[in-house]
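The lines below spell out each chain.
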Amino acid sequence: MVRHMRWLAVLSVLLIGAVIPIGSAGAAGTNKLEIFSWWTAGGEAEGLAGMFAAYKQRYPGVEIVNATVAGGAGTNAKAVLATRLTGGDPPDSFQVHAGLEIQTYDPEKFLEPLDSLYKSEGWDRALPKGVLTLLQYKGHYWAVPVNIHRANVLWYSKKVFSANNLTPPKTFAEFFKIADTLKAKGIVPFVLGDKEGWESGHAFEAVLIGTLGAQGYAGLWTGKTQWTDARVTQALNTYKRMISYTNTDHAALTWDGAGQYLINGKGAMQIMGDWQNGWFQSKNYSDYGWATPPGNAGVFDALSDSFALPKRAKDRDNALNWLRVAGSKAGQEAFNPKKGSICARTDCNQALFNAYLQSAAKDWQSNTLVPSVVHGAAAIESWAVKYKDIMALFVTSGDVAKTQASLQAACKDAGVCK
Amino acid sequence: MTSLLLIAPSVLAVAVFVYGFIGFTAFASLTKWDALAPDFTFVGLRNYVRLFETVRFQIDLRNTVTFTGFFLVSCLSLGFLLAVLLDQRIRAEGVFRSIFLFPLALSFIVTGVVWRWLLNPGSVQLGSTGINLLLDRIGLGLLKSGWYTDPKFGIKAVVIAATWQMSGYVMAMYLAGLRGIPEELREAARVDGASSFQVYRHIVVPLLNPITLGAVIILGHISLKIFDLVVAMTGPGPGFSSDVPAFFMFDTTFRGNNFAQGAGIAIILLVMIAVLIVPYLVYSLRTETQR
Numbered sequence: 000m001v002r003h004m005r006w007l008a009v010l011s012v013l014l015i016g017a018v019i020p021i022g023s024a025g026a027a028g029t030n031k032l033e034i035f036s037w038w039t040a041g042g043e044a045e046g047l048a049g050m051f052a053a054y055k056q057r058y059p060g061v062e063i064v065n066a067t068v069a070g071g072a073g074t075n076a077k078a079v080l081a082t083r084l085t086g087g088d089p090p091d092s093f094q095v096h097a098g099l100e101i102q103t104y105d106p107e108k109f110l111e112p113l114d115s116l117y118k119s120e121g122w123d124r125a126l127p128k129g130v131l132t133l134l135q136y137k138g139h140y141w142a143v144p145v146n147i148h149r150a151n152v153l154w155y156s157k158k159v160f161s162a163n164n165l166t167p168p169k170t171f172a173e174f175f176k177i178a179d180t181l182k183a184k185g186i187v188p189f190v191l192g193d194k195e196g197w198e199s200g201h202a203f204e205a206v207l208i209g210t211l212g213a214q215g216y217a218g219l220w221t222g223k224t225q226w227t228d229a230r231v232t233q234a235l236n237t238y239k240r241m242i243s244y245t246n247t248d249h250a251a252l253t254w255d256g257a258g259q260y261l262i263n264g265k266g267a268m269q270i271m272g273d274w275q276n277g278w279f280q281s282k283n284y285s286d287y288g289w290a291t292p293p294g295n296a297g298v299f300d301a302l303s304d305s306f307a308l309p310k311r312a313k314d315r316d317n318a319l320n321w322l323r324v325a326g327s328k329a330g331q332e333a334f335n336p337k338k339g340s341i342c343a344r345t346d347c348n349q350a351l352f353n354a355y356l357q358s359a360a361k362d363w364q365s366n367t368l369v370p371s372v373v374h375g376a377a378a379i380e381s382w383a384v385k386y387k388d389i390m391a392l393f394v395t396s397g398d399v400a401k402t403q404a405s406l407q408a409a410c411k412d413a414g415v416c417k
Numbered sequence: 000m001t002s003l004l005l006i007a008p009s010v011l012a013v014a015v016f017v018y019g020f021i022g023f024t025a026f027a028s029l030t031k032w033d034a035l036a037p038d039f040t041f042v043g044l045r046n047y048v049r050l051f052e053t054v055r056f057q058i059d060l061r062n063t064v065t066f067t068g069f070f071l072v073s074c075l076s077l078g079f080l081l082a083v084l085l086d087q088r089i090r091a092e093g094v095f096r097s098i099f100l101f102p103l104a105l106s107f108i109v110t111g112v113v114w115r116w117l118l119n120p121g122s123v124q125l126g127s128t129g130i131n132l133l134l135d136r137i138g139l140g141l142l143k144s145g146w147y148t149d150p151k152f153g154i155k156a157v158v159i160a161a162t163w164q165m166s167g168y169v170m171a172m173y174l175a176g177l178r179g180i181p182e183e184l185r186e187a188a189r190v191d192g193a194s195s196f197q198v199y200r201h202i203v204v205p206l207l208n209p210i211t212l213g214a215v216i217i218l219g220h221i222s223l224k225i226f227d228l229v230v231a232m233t234g235p236g237p238g239f240s241s242d243v244p245a246f247f248m249f250d251t252t253f254r255g256n257n258f259a260q261g262a263g264i265a266i267i268l269l270v271m272i273a274v275l276i277v278p279y280l281v282y283s284l285r286t287e288t289q290r
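Quick mapping for you: the protein sequence lines, in order, are chains A and B. Under numbering that gives the first Met the number 0, the first residue of the first sequence carries the number 0, and numbering increases by one thereafter. Under numbering that gives the first Met the number 0, the first residue of the second sequence carries the number 0, and numbering increases by one thereafter.
You can trust all of the hints, since none of them are fake.
Stretch by stretch, here's where chain A covers chain B in the computed footprint (C-beta under 8 angstroms, at least three residues):
#1 30-42
#2 113-123
#3 253-260
Looking from chain A toward chain B, a few residues come up when the C-beta cut is under 8 angstroms (computed):
#4 Leu84
#5 Thr85
#6 Thr103
#7 Asp105
#8 Lys108
#9 Phe109
#10 Thr247
#11 Gln259
#12 Tyr260
#13 Asn263
#14 Lys265
#15 Glu380
#16 Thr395
If you're looking for bench data, these hints aren't it; they were derived computationally from the structure. These numbers were taken from a predicted model, which means no experiment stands behind them. For glycine and all other residues, C-beta sits at the position ideal for the given N, C-alpha and C.
Next up, chain B with everything else stripped away, as it sits in the complex (with noise of 0.2 angstroms):
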């Protein structure tokens, strides 16, 4: 019963500010409310028709897919790159893992304006700038890219920054993993003759198939709903080709007034969030009842 009461606050404050929010999102992506004084006729899920027949919307959701699936596979890739390099017990490992975590520090805007200016690609008028200077002065002039400010690019270039910014994450996760994993294991394998990829692809890896799910867990929500990195980098981008969902959600909302239709934007992902998370959750429900 003292449990109970103890918890009560935080329970009502939950259910009210998130779960009550959350349900009052729904029901105004439900109504009219496309002005400033809210309108809650019902008009169904007009919005959301609407919303799907957006171009920039379509753009939105494209771009999401695009990052989303380059972030995951950058991020994990480097991260467990630089994790197997920094076990090999070199030398002043501790300075070599602060560098690679430092990124993560900082904000998403500090981030976003920093790789804006490295990929600005300048211009044949005014000289190239940033990271097309560099490859210019390397004498590597051919890999010079329009970088954001191509839409066949576009968030891409977002990518790059986001991985450099979270990779550092991942790593210090999968280094945790792998100084958990028992030297006996891998002894074991080499005695058996296995060479070392075999024993990365057999013994070590699935030993971390846990972080892994975590770790796309975590990247994959931060890439869902990412906002301040692509406003502070690129803004929308030429042609949408930058553009995220959150973006349109903050500029239907607040600069078009238009609140039903970001409410339905805020619902979509929401749900392809929920989507991506529950899954987790119930999984991890289940092996904690299992023990």
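Next up, chain A with everything else stripped away, as it sits in the complex (with noise of 0.2 angstroms):
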């Protein structure tokens, strides 16, 4: 119901946005500071307000509008955002996918760098190098990052590994080993809910960073491995293979609804990003386990959550003093528990976090870094949507030489690929 209402938002948003001229935009002076995101649900929603507090403490007396609009990935909130800013009303900061999503919103002539305030802060030795890297576009920082998240994780549930005597898989053979026992039983072997689209594009990330590596599923997004790579071959038939063990009405369930399946123990394996973790939590479900899927081990796909400043927002020092809070030790140790990510930032306090937090912030110091390009690191928006219109169309069609002449294709209409 609620996500249905999202939409609602979005239209509504859009035509007062078309209403309303652009009058607006030049009132400057107010004491008030204007955050977009698409922060609504659960622990996204308590964290922002932790970080709300966090900001209030040192500097009372800003009153915070907190211009939300839900939609899992924030699919809807950036098709309002990007009328705002074209329509010259931008937020004073919004929330965007660390990475080339950056491209989207046209920094050079929408945004302001951010370089001083990272050399101020000394942002430029508190971030890991792999997060500085991932934020630069055309040589500035536009965006402050103020969590990671995890994208390759595969959860799995407990009980039915342990009553079947199974261990996570490690590579793609013992999957479809574990696959065929589980099936045997009548469990499903590999729970997937992709209703909204993207969640196969998300879990073909995991495939070809398992049979590529690190470095091979890297160079797919800078064109030092192309698409037309035998090895690109064999992720689309393990996929698709894998695929054949998932739940029949995996087409109905969001990622969250597919869940289910671990929670009642009729599901064994599901490939999610590490959101999965607290939404386990609020089902009080706690009999589930983690690993990396199979060929992932050392590898970490990652994600982040960042907040840029547009040009022409009408509380700039307001803004300012945010992203300030924003890449701040105490913002990111009041917002990151709660929305259950681990910080950008290397020196947060580890015994505010839960284990699997823990796990994942030892990970993130040695793992090999990796961009995700569902959500938005990886690649520039345009070719990120076609890439997840092909797979979600691939978890149907299961023609593997289209898709990979497909995904090639993206490749060059994005100007990656020759």
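Grab the two chains, each in its own frame, and use the hints to assemble them into the complex.
If you want it as structure tokens, here you go:
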């Protein structure tokens, strides 16, 4: 129900945005701070509130306007934001996935570079190198990261695994062996919920990493690995076989709905980002375990939420202070335990975090970092959208050759492949 | 002169906000505007060529044809049937009329959410839900289907929901039409020895032709621009089996920032609707002047 209200919200905001003239853009001097995000659900909203509290503590007297637009992965929010930016009525600061998603907002035209802020706040030392490279676009920093999520996690039901004397699969061969065992017992081996269209592309990221390795996978997004590579064919074949082990109603379910299979002990494994951890906890479900998907050991498929500063922000000073809080240790410690993600900074107090997040933070320090494409880090948005559509189609078509050709064409359209 | 002045504001508003924007959309569809900031480099029909090459758009067009076909046939036949039944001077006619007409008062979003639940297939492991559960319980488990999660069914599941919502409206139109047919005509036919079926076949249905035409126009343009029902009910569906051009337009414009391509889809939608509406407008203008 709620999700569908979101659509209404988007449409009405779009309409209102279209009707209201640009007159309000120049009105400066208010003591407000408008923060635009898509954090409306459970832990996300609490985390945001925590960061607001940290801000108010430092800068009392500023009225914070929480302009959220609901919708998983920010798909609806992006639509509203695009209209506001081009209409000359930007929020003071807005949420954007760290990485090439920033290209969507045409930074040189619509955003302010934050290089000096990075220097004065010491973020170029407090943040890990991998994140800093990820954040740079055309030689500048455009956004401040508040957290890190991991996309390549294999969640499994401990109950199902121990009842059948199984251990999480390290290779795809093991995966299929386990899958056959479980299928024979009427348990869904590989749980998928792909109603929203991005979940299939998300799972395939892990398969690509598992088949091509960190370097080969990262190369796909920079042009160093060709999409015509035989290993991509192999990954598609593997993924096709994995799909044959999914629940029949996957098209009717969102990722969280699919998680119900694990909770009920009717499903065994699911590849999903680490927001699944928070969702399991909200369902009072604790009998789950986590591992890296097959072949993914030592690779951290990362995405990060960050905040950017639009040009012509009405309350620029307040917004700059907001970014200072977002990048600070106090701000990130207030935000991340509730949101269920780890700090982008490396100096957060680990005692504040739960067991999963502590293990993720440890991996974060030692693993090879690769960017997620579905969540905006690896590729420009138009390419990411095409990738998502192609992989959504693959679930039903299963046409390896055609899918590989489309993936290559999408890479060409993005100007990365020749 | 005064009359001209009086309609001038609305003419101006319509000229700018309807035809002006249509013109701008058509123009934008011929440009290279594929990022947030407008880029009005003229690229001719390239966006249209690309669009028709896109698999998703090809599926969308097929879905639109399927949807419109099934939706028109099911709505018209069900609406007509309900109207004929209600026209038999039954008791509590008003109650039934309200019940059949009531779904029309709901928004497509509400209909979509309700039917998403009803047609959720469930699964072997977690058990059936909704209609499938009902079929199970009454021993018709054979008829169970994956509904909108089955790529072969896809958009037809949306037809079920749309028919549920709109057939009452068609019924109301036909009922008004049936009441407008003079009883003498039917009597005369019966005196000539026509059976009930023949009365409907040769007297009632032909006399209802203008109403059928009106219903086709109304339902047709709804089905060509359907968006909210699909969004609320199924999303693009497995393999885009329930996707429609309007949804693709929203996706590509506001999520992919490809404004030129979005404008292209808008223009194609406009042309499709114009193909349906314009002949009707010409026809009704002609009949008006003949009078």
